[in-house]
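For the sequence shown, the tail end lands on 63 under full-length UniProt numbering, and the numbers increase by one without skipping.
Hints in this document: simulated from the structure, not taken from any laboratory.
Just so you know, not all the hints are guaranteed correct.
[Claimed, not checked] Label-pair restraints from in silico Cβ distances:
1. 2 / 47: 31 to 39 Å
2. 25 / 2: 22 to 30 Å
3. 48 / 10: 17 to 25 Å
4. 41 / 14: 17 to 25 Å
Just so we're clear, the structure is a prediction, and the values are computed from it rather than from any experiment.
Beta carbons: idealized from backbone N, C-alpha and C, even for Gly.
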Amino acid sequence: MGRMSLLFRKTWKLGPLRWNFTQGGLSSWSLKIGRWSWNSRTRAHRVDLPGPWSWKQDKGGKH
């Protein structure tokens, strides 16, 4: 049987900004304005579309 562990994750929001924390500290931050958002870790732009759809453009973040 595989090992199980608890993970810590916390998100703080202030207006259009969102900070994501893990046990190691700040893991990423993002900006969301209307249907558009950007993530600092993935450097991806995302646009929410109607229904369950969204469009994403990768910007070549760290692999």
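**Study point:** C-beta pair residue 41, residue 14: status relative to the range 17 to 25 Å that was hinted
**Key:** Holds, at about 18 Å.
Exercise for review: Mind checking the hinted window 31 to 39 Å against the Cβ distance between residue 2 and residue 47?
Suggested key: Since residue 2 and residue 47 have Cβ atoms about 37 Å apart, the given range 31 to 39 Å holds.
Review point. In this structure, is the beta-carbon distance linking residue 25 and residue 2 contained in 22 to 30 Å?
Key: Since residue 25 and residue 2 have Cβ atoms about 26 Å apart, the given range 22 to 30 Å holds.
Review point. Does the Cβ pair residue 48, residue 10 satisfy 17 to 25 Å?
Key: This hint holds: roughly 23 Å between Cβ atoms.
Going through the hint list in order, the structure satisfies each hint without exception.
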